[in-house]
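Just so you know, the protein sequences line up as chains A and B, in that order. Per our numbering, the very first residue in the first sequence carries number 2; after that it's consecutive. Per our numbering, the very first residue in the second sequence carries number 2; after that it's consecutive.
Since the hints were derived computationally from the structure, they do not count as laboratory data. Any given hint might turn out to be false.
What the hints assert, rightly or not - Calculated cross-link-like contacts (lysine to aspartate or glutamate; reagent style EDC-like; alpha-carbon spacing at most 20 Å): (1) B/Lys189 - A/Asp34; (2) B/Lys91 - A/Asp195; (3) B/Lys209 - A/Glu179; (4) A/Lys6 - A/Glu206; (5) A/Lys6 - B/Glu113; (6) A/Lys209 - A/Asp228; (7) B/Lys189 - A/Glu179; (8) A/Lys189 - B/Asp173; (9) A/Lys114 - A/Glu84; (10) A/Lys204 - A/Asp180; (11) A/Lys209 - B/Glu25; (12) A/Lys81 - B/Glu84; (13) B/Lys209 - A/Glu113; (14) A/Lys171 - A/Asp134; (15) B/Lys204 - A/Glu84; (16) A/Lys145 - A/Asp134; (17) A/Lys189 - B/Glu258; (18) B/Lys145 - B/Glu100; (19) B/Lys204 - A/Glu130; (20) B/Lys81 - A/Asp168; (21) A/Lys189 - B/Glu25; (22) B/Lys170 - B/Asp195; (23) A/Lys209 - B/Glu84; (24) A/Lys6 - B/Asp5; (25) B/Lys189 - A/Glu96; (26) B/Lys314 - B/Asp243; (27) A/Lys209 - A/Asp168; (28) B/Lys209 - B/Glu329; (29) A/Lys91 - B/Asp195; (30) B/Lys189 - A/Glu25; (31) A/Lys6 - B/Asp34; (32) B/Lys209 - B/Glu258; (33) B/Lys81 - A/Glu329; (34) A/Lys81 - B/Asp29.
Number of protein chains: 2
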Amino acid sequence: AAVDKGVDFANYFCTYAYLYHQKEMLSDRVRMDAYFNAVFRNKHHFQGKAVLDVGTGSGILAIWSAQAGARKVYAVEATKMAEHARALVKANNLEGIVEVIEGSIEDITLPEKVDVIISEWMGYFLLRESMFDSVICARDRWLKPGGLMYPSHARMWVAPIRSRVVDQKKDDYDRTMEDWYNFVDETKASYGVDMNIFTKPFKDEQRKYYLQTSLWNNLHPEQVIGDAGIIKDIDCSTATIDDIRSVRSSISSSITENNRFCAYAGWFDVHFRGNKQNPAREEIELTTAPSEEHGTHWGQQVFLIHPPLNVEKGDALIIDVSMDRSQENHRLMEVEFGCEIRHCSGKLRPPLKHKFYIE
Amino acid sequence: AAVDKGVDFANYFCTYAYLYHQKEMLSDRVRMDAYFNAVFRNKHHFQGKAVLDVGTGSGILAIWSAQAGARKVYAVEATKMAEHARALVKANNLEGIVEVIEGSIEDITLPEKVDVIISEWMGYFLLRESMFDSVICARDRWLKPGGLMYPSHARMWVAPIRSRVVDQKKDDYDRTMEDWYNFVDETKASYGVDMNIFTKPFKDEQRKYYLQTSLWNNLHPEQVIGDAGIIKDIDCSTATIDDIRSVRSSISSSITENNRFCAYAGWFDVHFRGNKQNPAREEIELTTAPSEEHGTHWGQQVFLIHPPLNVEKGDALIIDVSMDRSQENHRLMEVEFGCEIRHCSGKLRPPLKHKFYIE
Ligand SMILES: Nc1ncnc2c1ncn2[C@@H]1O[C@H](CSCC[C@H](N)C(=O)O)[C@@H](O)[C@H]1O
Ligand SMILES: Nc1ncnc2c1ncn2[C@@H]1O[C@H](CSCC[C@H](N)C(=O)O)[C@@H](O)[C@H]1O
Chain A
2 AAVDKGVDFA NYFCTYAYLY HQKEMLSDRV RMDAYFNAVF RNKHHFQGKA VLDVGTGSGI
62 LAIWSAQAGA RKVYAVEATK MAEHARALVK ANNLEGIVEV IEGSIEDITL PEKVDVIISE
122 WMGYFLLRES MFDSVICARD RWLKPGGLMY PSHARMWVAP IRSRVVDQKK DDYDRTMEDW
182 YNFVDETKAS YGVDMNIFTK PFKDEQRKYY LQTSLWNNLH PEQVIGDAGI IKDIDCSTAT
242 IDDIRSVRSS ISSSITENNR FCAYAGWFDV HFRGNKQNPA REEIELTTAP SEEHGTHWGQ
302 QVFLIHPPLN VEKGDALIID VSMDRSQENH RLMEVEFGCE IRHCSGKLRP PLKHKFYIE
Chain B
2 AAVDKGVDFA NYFCTYAYLY HQKEMLSDRV RMDAYFNAVF RNKHHFQGKA VLDVGTGSGI
62 LAIWSAQAGA RKVYAVEATK MAEHARALVK ANNLEGIVEV IEGSIEDITL PEKVDVIISE
122 WMGYFLLRES MFDSVICARD RWLKPGGLMY PSHARMWVAP IRSRVVDQKK DDYDRTMEDW
182 YNFVDETKAS YGVDMNIFTK PFKDEQRKYY LQTSLWNNLH PEQVIGDAGI IKDIDCSTAT
242 IDDIRSVRSS ISSSITENNR FCAYAGWFDV HFRGNKQNPA REEIELTTAP SEEHGTHWGQ
302 QVFLIHPPLN VEKGDALIID VSMDRSQENH RLMEVEFGCE IRHCSGKLRP PLKHKFYIE
């Protein structure tokens, strides 16, 4: 289905037009340190070069690129934030180098091809927001052959976890349904209309929003109860939109402690490695894995399993993941997790299958 | 500016497609009792008649109209909620009378003109959502001459109030700005970029969202510290879109107790009176005024004044209100309040002027 630009703006871009939201990203030290180090420890990639910043937001990555020695930086931003970026560039005396262009990357044209594309395009669980599509489009149109992608690689991870949120969500859901039954009774008694026909669709609606919608969470590493596995490995220099439109993968994970298996958790990392002909002097990693001290604004996405399952150290899991874009909004996702659990005794348990929405 | 239907759907209609949201309205006893009594105590208006329900949602008003004896009810709903409404009609054995039509009232056609238009179109402070436009459109196209509007009249009220929220909002705002200054310092120190140029626009953004955006509140009647006045009186049978596109009014209000003047509050009421040729047997009122026991889901809209002002019993206020639709979204509003305060001693205080957004 074709994307209506006005609707996409209302649903997606509009939040990026607020400085408040840009500030949230600019205050994420893990994110900032990674990009900062990636640029300044690899100045040779920027010196004298033409750079394109896809979705410049406040302008930060474009400014760093210029400060690292770029000859010219094209900083493209779809929202009115472009005006703020332009002011920031000027206040930092870089208007001779950084050119802010307001427009979506798909629509604008540049006067030349570039040596480097830098972009911070990652959404929750990497692919939410589908902004990497725009980076691919920029790369295919504006990157010189052999040019560099910042970041150069990206990976998606999944692991089994424990989480008390599973109980809380179930309680919320139960309370909401109890309230619903009262509502149906009262509406019949007071107003003579039997709403029981809505019980099933209301329940489905609530299941979707309480139980089947993934949650943002900043997990403690100890909540991870089995090995994490990689479900997707992306080379930003070569990946096509078809490569990332959906994810199909199967990983095996061994349970590392007796515990409750409450949810799957998903996160990502990206790397700044340059490329074969032109490698990074220092490779930088930005990871959003569960961490006590180095949490990010992305946190992790948690997909709750109702009811949770008791598992034992040594249980062998095979986790199947299948992720697609939602039909109604190409920037949101639907994920199916299947899980086969072989008990450490060798016995196979009934397989799990759960569907989730990343909203 | 023309309204993009897709964008309007994304911004406005989409919430109404959830049973959860319909339930919130269906659980508002004040609202429900008013419409229920309006219909069932004036059955003579419905018996044997053709009725149009503009925005039927769950279908409730259409079903009541049928139960009160309507010959035919056209129940028009723009969202997928129409399917649920159809199921409810069937479950209540009214499919011979109530015809649910999915579509926006502006686009659909009916096979006949109707005797009664019923609709629950009221938004916060009455006019938010601008749904009355659709009712006017329906009336002008589908109501027989002399036909009835349910409700028949609507009024907007304003009063001076006290509220501790004014202090809390100011604290929040101050904290956010403090945090901002730290952020600017740290960004300069750690990342070599001076973001101070964003301070003014960030402050403006925050002022808008913390201080100048109206708040939903369920006020206690004792929080009203001066006489309430009517700023708009609408006859639903004759009002045109031009009549309601903006509100310009001036009311006088006398302070009834020594207190802090912290905010203007706005609310509305509607009446079901039938019309001159065909009056209601029993007039029903639905009011959203501050009330200890009869609060509604609409609450009141509160427009905070920073800093609040000490006022005394007998102080005479002249409050000017000017409300317009927001440029970016015709369903949202911008309001300006001016206030002239004559102290009980006769002395005139410096006039107030504040601009607010109803988001
Ligand atoms: N197709 C597109 N064209 C232009 N800008 C886009 C875009 N898709 C997303 N964006 C913009 O990309 C930004 C992503 S957020 C990252 C902002 C900034 N580069 C930083 O690292 O702090 C948002 O401001 C968003 O509006
Ligand atoms: N132009 C339009 N055409 C059709 N439906 C509309 C409309 N504007 C608003 N609506 C619908 O009107 C409803 C208003 S809420 C009221 C629902 C129901 N009549 C009740 O009283 O409980 C929403 O469901 C909304 O989707």
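Status of the hints after comparison with the structure:
1. B/Lys189 - A/Asp34: holds (13 Å)
2. B/Lys91 - A/Asp195: holds (11 Å)
3. B/Lys209 - A/Glu179: violated (39 Å)
4. A/Lys6 - A/Glu206: With Cα atoms ~28 Å apart, lysine 6 of chain A and glutamate 206 of chain A exceed 20 Å; violated.
5. A/Lys6 - B/Glu113: violated (38 Å)
6. A/Lys209 - A/Asp228: At roughly 28 Å apart (the allowed maximum being 20 Å), aspartate 228 of chain A and lysine 209 of chain A break the hint.
7. B/Lys189 - A/Glu179: With a Cα-Cα distance of about 53 Å, the restraint between lysine 189 of chain B and glutamate 179 of chain A is violated, given a limit of 20 Å.
8. A/Lys189 - B/Asp173: violated (44 Å)
9. A/Lys114 - A/Glu84: violated (24 Å)
10. A/Lys204 - A/Asp180: Holds. Lysine 204 of chain A to aspartate 180 of chain A sits at ~12 Å (cutoff 20 Å).
11. A/Lys209 - B/Glu25: Holds - the C-alpha atoms of glutamate 25 of chain B and lysine 209 of chain A are around 18 Å apart, at most 20 Å.
12. A/Lys81 - B/Glu84: violated (39 Å)
13. B/Lys209 - A/Glu113: violated (41 Å)
14. A/Lys171 - A/Asp134: violated (36 Å)
15. B/Lys204 - A/Glu84: Since the Cα atoms of lysine 204 of chain B and glutamate 84 of chain A sit roughly 16 Å apart, the hinted pair holds (cutoff 20 Å).
16. A/Lys145 - A/Asp134: It holds: about 18 Å lies between the C-alpha atoms, which stays within 20 Å.
17. A/Lys189 - B/Glu258: Roughly 45 Å separates the two Cα atoms, so the pair is violated.
18. B/Lys145 - B/Glu100: Satisfied, since the Cα-Cα distance of roughly 19 Å is no more than 20 Å.
19. B/Lys204 - A/Glu130: violated (28 Å)
20. B/Lys81 - A/Asp168: violated (32 Å)
21. A/Lys189 - B/Glu25: holds (16 Å)
22. B/Lys170 - B/Asp195: violated (28 Å)
23. A/Lys209 - B/Glu84: Judged against 20 Å, a Cα distance of about 19 Å means the pair holds.
24. A/Lys6 - B/Asp5: The given pair, whose Cα atoms are some 11 Å apart, holds under the 20 Å limit.
25. B/Lys189 - A/Glu96: holds (18 Å)
26. B/Lys314 - B/Asp243: Not OK: lysine 314 of chain B and aspartate 243 of chain B at ~38 Å, beyond 20 Å, violated.
27. A/Lys209 - A/Asp168: With Cα atoms ~16 Å apart, lysine 209 of chain A and aspartate 168 of chain A stay inside 20 Å; holds.
28. B/Lys209 - B/Glu329: holds (15 Å)
29. A/Lys91 - B/Asp195: holds (11 Å)
30. B/Lys189 - A/Glu25: holds (16 Å)
31. A/Lys6 - B/Asp34: violated (43 Å)
32. B/Lys209 - B/Glu258: Answer violated: lysine 209 of chain B to glutamate 258 of chain B is near 30 Å, above 20 Å.
33. B/Lys81 - A/Glu329: Answer holds: lysine 81 of chain B to glutamate 329 of chain A is near 13 Å, not above 20 Å.
34. A/Lys81 - B/Asp29: The given pair, whose Cα atoms are some 40 Å apart, is violated under the 20 Å limit.
Hint compliance for this structure: hints 3, 4, 5, 6, 7, 8, 9, 12, 13, 14, 17, 19, 20, 22, 26, 31, 32 and 34 are broken, all remaining hints hold.
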